[in-house]
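Protein chains: 2
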Amino acid sequence: MARIVTVAAAQLGPIQKAENRASVVARMIRLMEEAKTKGANFIVYPEMALTTFFPRFYEEDRAKMDHWFEAAMPGPDTQPLFDKAKALGMAMSFGYAELTPDGHHFNTSILVDKTGAIIGKYRKTHLPGHVEFDPERTHQHLEKRYFEPGDTGFPVWRFLDGLVGMAICNDRRWPETYRVMGLQGVEMVVLGFNTPSVNSQRGAEGIEDRLFHHRLSCQAGAYQNATWVVAVAKAGSEDGNHLMGGTLIVDPNGKIVGELPHEEDGVLVHPCDLDETVFGKETIFDFKRHRRIEHYKLITERVGVGEPLGR
Amino acid sequence: MARIVTVAAAQLGPIQKAENRASVVARMIRLMEEAKTKGANFIVYPEMALTTFFPRFYEEDRAKMDHWFEAAMPGPDTQPLFDKAKALGMAMSFGYAELTPDGHHFNTSILVDKTGAIIGKYRKTHLPGHVEFDPERTHQHLEKRYFEPGDTGFPVWRFLDGLVGMAICNDRRWPETYRVMGLQGVEMVVLGFNTPSVNSQRGAEGIEDRLFHHRLSCQAGAYQNATWVVAVAKAGSEDGNHLMGGTLIVDPNGKIVGELPHEEDGVLVHPCDLDETVFGKETIFDFKRHRRIEHYKLITERVGVGEPLGR
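Going down the list, the protein sequences come from chains D and Y.
For the first sequence, the numbering used here assigns the number 962 to the initial residue and increments by one for each residue that follows.
For the second sequence, the numbering used here assigns the number 962 to the initial residue and increments by one for each residue that follows.
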């Protein structure tokens, strides 16, 4: 019997700085209803789905940014989303800025089952950007200022008759992200992102290049680990800062099976057969037959670039 | 001052089983002369450049296959290639089946400087295929029968004013290959391949899919490590067994800057500016700022797939 997960990649159009959580949650609920109508049983929303992409704003006093963070999940504003998911029997994943009871800040995603229970949490590992205001950039990208690197690693959960893992935005550019999950047998990686349309340090790198790198990274991760990848954008112009969009679903062969062509709220629904992962996992990417970990040591020994080993 | 390596990706058309080394070396020399005319200072030939792709032939007695291997490099048949390279001041890399003095068999590539001295040797890590005759396959792929996995790891050498590493064929599908070299600062990865046009275990996967996976793997490896990748095919029909071709050069941004459109002997020449690797290495793939090796441990702890870690 095929193991089908009908996933809805639920792109959010821009969220302006002034828009409140209740308004965003209402938009997310409308997308969930649309996803349900289209037969989905699992909906995936972007990174930082509840707010604008606030790391573009510099604030000297970090504590003044805490209003962008969620101290409880669900909280008063997000409870209606959980209620709706439970009512529809819809599993979900979304990202938000997390403030822990002991004062830590993470860029977080959760996995919620169809009863509304949070069964998995992932905290973003690869924070891009910088800590201090950078006058050289066309726009700021202060994730390293407002977040700590995640402390969860890349777990994979038994979820919806399969094995599901999470990543967030810049994580998708790092092959280690997919491989750590691949070594747990992952069959579907879900990830959200907020990617500016222009490289803040190289203006010539515009939206087509940015979309190219995004697709390349998701497709390679899918193929090289024989997994579905569901990548969901926050898109469009947030207070004049343009995010590129490019919500897409990649099959375990590395092929894009669907991509949203717009920058608005919208769902891309696809029935993903988890058994399509089997061929790759049993042949060319049968890790136990082909991997040679004795030659991979630098990957976990070195953080940065070191001396070349050839002599 | 720009650090330009003008590389010639020297594709070989098919080598029939009956063709001898001297004849192949003469073809390689013609390509080297063409490369020189086009301004190249470094020529890269395919995997197993001297012979047909013999792992397609099953032989119960392995020793009977030793005639495909080189016991000396250079040897009598290959000395003219080294002589020509020295005469032209051309650095080179090519692959061959290596038989060591103590009886080991490797799928090997070498890096030869412009004086004809071998300064680097790489032995293929990721051997595809199988050990025993497999009646289920449309064609045999017996690399695991005739070769041992390489014992060199993935060194990077100071070469031609830059940092150069090697890989062979199936290695290019494994992100670990590029990352181990990336952690040594690699600026150009050269690799040769012999890739059948059809998947021997899934006939529906034909040449377009095979070229897609090839390009995807080379482009992702280049982008994610900010390195040039030079991938060189043996192409066309060897005694009725078709190899896909697809010789290409990828820039450190992941873009294909040139690809040979045919399956014959031919060179693709491109001036590769090694300084184009700097932007990626200093920004989004500045490993020392962004990598989190504490979360990569499974990559070197597990060979194959193990239990999922989510709970």
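One thing to keep in mind: the hints can contain errors.
A pair counts as met if it fits within one copy or between any two copies, since identical chains are not told apart.
[Said to hold, decoys possible] Calculated cross-link-like contacts (lysine-lysine; reagent style BS3-like; alpha-carbon spacing at most 30 Å):
(1) K999 <-> K1105
(2) K1025 <-> K1075
(3) K1082 <-> K1216
(4) K1045 <-> K1075
(5) K1105 <-> K1242
(6) K1249 <-> K999
(7) K1025 <-> K997
(8) K1075 <-> K1105
(9) K978 <-> K1242
(10) K1258 <-> K1105
(11) K1249 <-> K1082
(12) K1216 <-> K999
(13) K1105 <-> K1216
(14) K997 <-> K1258
The hints are simulated quantities; they were obtained by calculation from the structure and are not laboratory data.
For clarity, every value in this text was computed on a predicted model and none was experimentally measured.
Which constraints among the numbered hints does this structure fail? Numbers only, ascending. Failing hints, ascending: 1, 2, 6, 7, 8, 9, 14.
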